[in-house]
Amino acid sequence: MLSLFPLNLVVFPQESLNLHIFENRYRQLIGDCLKQRTNFGIPFYLNGQVQEFGTEVQIVEVSNQYEDGRLDIKTKGVRVFRLDTFVNPIPNKLHAGGEVAYIQTTNEVADSLEKIWFLEELTILYEVLNVQVSIKDDLPFLSYYYAHKVGLSHEQEYELLQILTETERLQFLTTHLKKTVPVVREMERTKSIIKMNGHFKHLDPLKF
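According to our numbering, the sequence shown is numbered sequentially starting from 9.
It should be emphasised that the hints constitute simulated quantities derived from the structure, not laboratory data. Please read all numbers here as calculations on a predicted model, not as lab measurements. There could be a bad hint or two in this list.
Keeping only pairs whose Cα atoms sit at most 30 Å apart, straight-line, the calculated DSS-like set for lysine-lysine is [said to hold, decoys possible]: (1) K123 - K101; (2) K123 - K144; (3) K157 - K123; (4) K82 - K144; (5) K84 - K123; (6) K82 - K43; (7) K157 - K84; (8) K82 - K186; (9) K187 - K144; (10) K82 - K101; (11) K123 - K43; (12) K157 - K144; (13) K101 - K144; (14) K144 - K186; (15) K186 - K123; (16) K84 - K144; (17) K84 - K101; (18) K101 - K157; (19) K43 - K84.
Here are the in silico distance ranges between beta carbons for each label pair [stated by the list, open to error]: (20) T46 - Q112: 18 to 24 Å; (21) D145 - P99: 46 to 52 Å; (22) L15 - Q112: 22 to 28 Å; (23) R193 - Y110: 39 to 45 Å.
Every residue gets a Cβ at the ideal spot worked out from N, C-alpha and C, and that includes glycine.
Start from the sequences and build out the full structure, keeping to the hints where you can.
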């Protein structure tokens, strides 16, 4: 049985996530994982319910230990799971757990054209937003790296988590960007107009 820490966010494989642990149930969970050198799961929590899919995470480091028992930890996403059973709490424990089935996401290299199209749309988005960042193009899982950086809703991120191949994930993100970029461009244009209208202007009288 995998110990579970439901959160209202989607964690992806390979993603680094820092957590501040303060509730007794999760202090117990993290303490058990550290002692037993085991991982725990973060299923997505939405609208008051624990959702079916989540990500197993590994504790990489305990950054801070406070006198009152609180912890700051660094974790990293390992693999996606589907939750078969949910028990809250686990017998003789304060926290929840469940039986899970691990999803075999493939390690295939993304189709080169899909990768190019995604990077083109991503570049356009950042240009429209005037964001000065170096775009990474040599990562094995671009989709996971940029999933939180392209304006997806929580529900869209959860949908992405369930896609098995990198090519299909990039297709999903490219489609999203093609819809999003025109909206963002119009918003930026509107913001510029609003700024212009905020200044006093000297206008020559019209001559008829």
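Against the structure, the hints:
1. K123 - K101: Since the Cα atoms of K123 and K101 sit roughly 45 Å apart, the hinted pair is violated (cutoff 30 Å).
2. K123 - K144: OK: K123 and K144 at ~11 Å, within 30 Å.
3. K157 - K123: Holds. K157 to K123 sits at ~16 Å (cutoff 30 Å).
4. K82 - K144: Holds, at about 23 Å.
5. K84 - K123: holds (24 Å)
6. K82 - K43: holds (16 Å)
7. K157 - K84: Cα-Cα ~18 Å, so holds.
8. K82 - K186: The hint is violated at about 34 Å.
9. K187 - K144: holds (22 Å)
10. K82 - K101: Satisfied, since the Cα-Cα distance of roughly 23 Å is no more than 30 Å.
11. K123 - K43: It is violated: about 42 Å lies between the C-alpha atoms, which goes past 30 Å.
12. K157 - K144: The hint holds at about 12 Å.
13. K101 - K144: violated (43 Å)
14. K144 - K186: Holds: K144 and K186 sit about 19 Å apart, inside 30 Å.
15. K186 - K123: Given that 30 Å is the threshold and the Cα spacing comes to 14 Å, the pair holds.
16. K84 - K144: Holds, at about 19 Å.
17. K84 - K101: holds (24 Å)
18. K101 - K157: violated (36 Å)
19. K43 - K84: holds (18 Å)
20. T46 - Q112: 18 to 24 Å: The hint (18 to 24 Å, Cβ to Cβ) holds, given that T46 and Q112 are roughly 21 Å apart.
21. D145 - P99: 46 to 52 Å: holds (49 Å)
22. L15 - Q112: 22 to 28 Å: holds (24 Å)
23. R193 - Y110: 39 to 45 Å: The hinted range 39 to 45 Å holds for R193 and Y110, with Cβ atoms some 41 Å apart.
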